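Trainee: These are the residues of each chain, in order.
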Amino acid sequence: MRRLYIDVSVLTLATFITGIQRVTREVCLRIADDPEICEVFLQYNALKDCYHEIDSALFVRYYREGSGVKEKMVTKRRVDISEIGPEAVFFDIDAVWLDRMKRSFLLPQLKAGGAKICCFLYDLIPIYYPQTCIERTVYNFLDYLGAHMQFADLFLTTAQETKRELSELSERVGARQIPCEVVPLGSDIRPAGASSGDGGASFSEREGLTDRPFLLMVGTVEPRKNHKLLLDAYDLALRERGYRIVFAGYMGWNMEEFEARLHAHPDFGTGIRHYEGLGDADIRDLYEHARFLIFSSYSEGYGLPVVEAIQKGLPVMAADIPVIREVGGDACEYFPQDDPGALCEALARYEGEEDAYRARRDSLKGLHFPSWDEAYGQIAGQLKPLLADE
Amino acid sequence: MTEEQIEVYGKLFDASAASMERSGSEFHYLRSTLTANVGTHPRKPDLSRMRDLDNEAFFQALFSGTYKRLPEEREEAPWRKRYGEDREVFREAVLRSFAGSSVAAIYHMEWENNPYFVQRKGLKYLLFGKLYALTDKSSLRTFGKKLPGPLQKIIRKVFL
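As you go down the protein sequences, you meet chains A and B in turn. Sequential numbering of the first sequence, starting at 1468, is according to this note's numbering. Sequential numbering of the second sequence, starting at -4, is according to this note's numbering.
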């Protein structure tokens, strides 16, 4: 059985957890628990230009139980690139394009050394929607993607749409067609992790969100997520109709204009709320108390909040884009992504129609989206043949 | 790395640039910024890969190869005024400037196939990485947690 090497530098160095780090965390915790996999978690030290092994037990303790000191999980053992050879599989699942160790340098060496390489490709947004990304992220991503398109043995991705785009792109740039499998992400939010406040009242209650219906958006506030649409809809009609809107996610890049508008809004702090740095328990609580999840992204790799919300029984109104159609299917209601009026109309169908709203919620009860354990089962099912001795 | 392999990265840039164009926007950096650096050691940009570039393309390629990010407007502006200069004079000036930077010292940068000067690796180059580690917040936190509780409280009050 080969060993599985995973570079978790971005996860372990990040000061906060966003979408990709959450996926990396959930998958790596299960890899560490899997008796059939012998894993080596790595952190790249740019100052010393070398990888260090991470203590798996301390990694699990920190990310599952929230105890321990993050810095202490990095051991002194250096892992040379030459160690990742014929007896190894290198699995890129973290947002490693942010690493100084660029993949166009690393992967050819791993390949020449005989290692197998697997890439978890979240999306191709920097190729098809680069205008929604930070320019330097696109630059780094091109290095990362180009390397994997030439040296990976297997791609894992989360939507058929991304698989199709990858195949089309490979043909377009003259790269070989690498096997690509679609795997889901988990929809359950971890029960562990305390709420940000004292026991007793829920987050929504403490924040005074329960006195009137609120519409929730979850995710980093960035241009691609189209938060502006909900704010426009609020100003257009939702405020008058008694809604509150809640944004849960870090204020990201290129959002200065939106941020200024948000903070200058007379309802900011009352009818309009923005929360950063919420833990799993608080997000779960928001899903439980919101009227609808609004998901107005221009592009997505999967749309994790959509499946999380549905799994919690929260109806979703989503922008009509192929990936969300694929992942959310009939469980979501759709609206054109640039039309706040259409969103207002869609919401109006449930105002004063509590039976219809309840029926909508009930229709979600029978739906099943994979849990993280089930999603990991499918991911591991793809990794294990690579890990098996030939 | 073969020309064919490098061209895959170039074509990815083209695909992304085409999407930018369709959205009514454009990249602020050139294709060669990417293709001149793919495959090189993160600490060793290769000047031979930048041989045929004009001054603007050379600046962008060397900047991103050295700092692993694109130059910001305020960083490129002073050099833009010099894009009309003699190629060799310009190149040497840029390279000397980057070689003297803190980032180059911290990451122990070296430039392969540098025909202009022998890189000085003085005290700053040798020690800066270590000194930088001392100012790294995470190592300070580890140190701070070893201090007595009341002292930790005072530090938190003063600095955080």
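Some hints could be false.
As the list claims (entries may be wrong) - Taking lysine-lysine pairs in the DSS-like style, the calculated list, with each CA pair at most 30 angstroms apart, reads:
hint	chain 1	residue 1	chain 2	residue 2
1	A	K1543	B	K116
2	B	K76	A	K1578
3	B	K141	A	K1539
4	A	K1630	A	K1578
5	A	K1539	B	K148
6	A	K1630	A	K1851
7	B	K116	A	K1515
8	A	K1543	B	K76
9	A	K1851	A	K1578
10	A	K1537	B	K148
11	B	K39	B	K148
12	A	K1543	B	K39
13	A	K1779	A	K1832
14	B	K76	B	K39
15	A	K1851	A	K1537
16	A	K1630	A	K1779
17	B	K148	B	K116
18	A	K1779	A	K1695
19	A	K1537	B	K141
20	B	K6	A	K1578
21	A	K1515	B	K39
22	A	K1515	B	K76
23	B	K141	A	K1630
24	A	K1851	A	K1832
25	A	K1539	A	K1515
26	A	K1515	A	K1543
What the hints assert, rightly or not - In silico negatives: residues of chain A with every beta carbon more than 10 angstroms from chain B:
hint	residue
27	E1532
28	E1602
29	G1641
30	G1675
31	K1695
32	Y1717
33	P1733
34	G1746
35	P1789
36	E1821
37	Q1849
To be verified - Some, not all, of what chain B presents toward chain A, calculated at C-beta under 7 angstroms:
hint	residue
38	K6
39	A10
40	M15
What the hints contain is simulated information worked out from the structure, not anything from laboratory work. Owing to the predicted nature of the structure, the values given are computational and were not obtained by experimental measurement. Where a beta carbon is used, it is the ideal one built from N, C-alpha and C, also for glycine.
Trainee: Which numbered hints are broken by the structure, listed smallest first?
Mentor: When the structure is compared with the hints, numbers 2, 8, 11, 17, 22, 23, 24, 28, 29 turn out to be violated.
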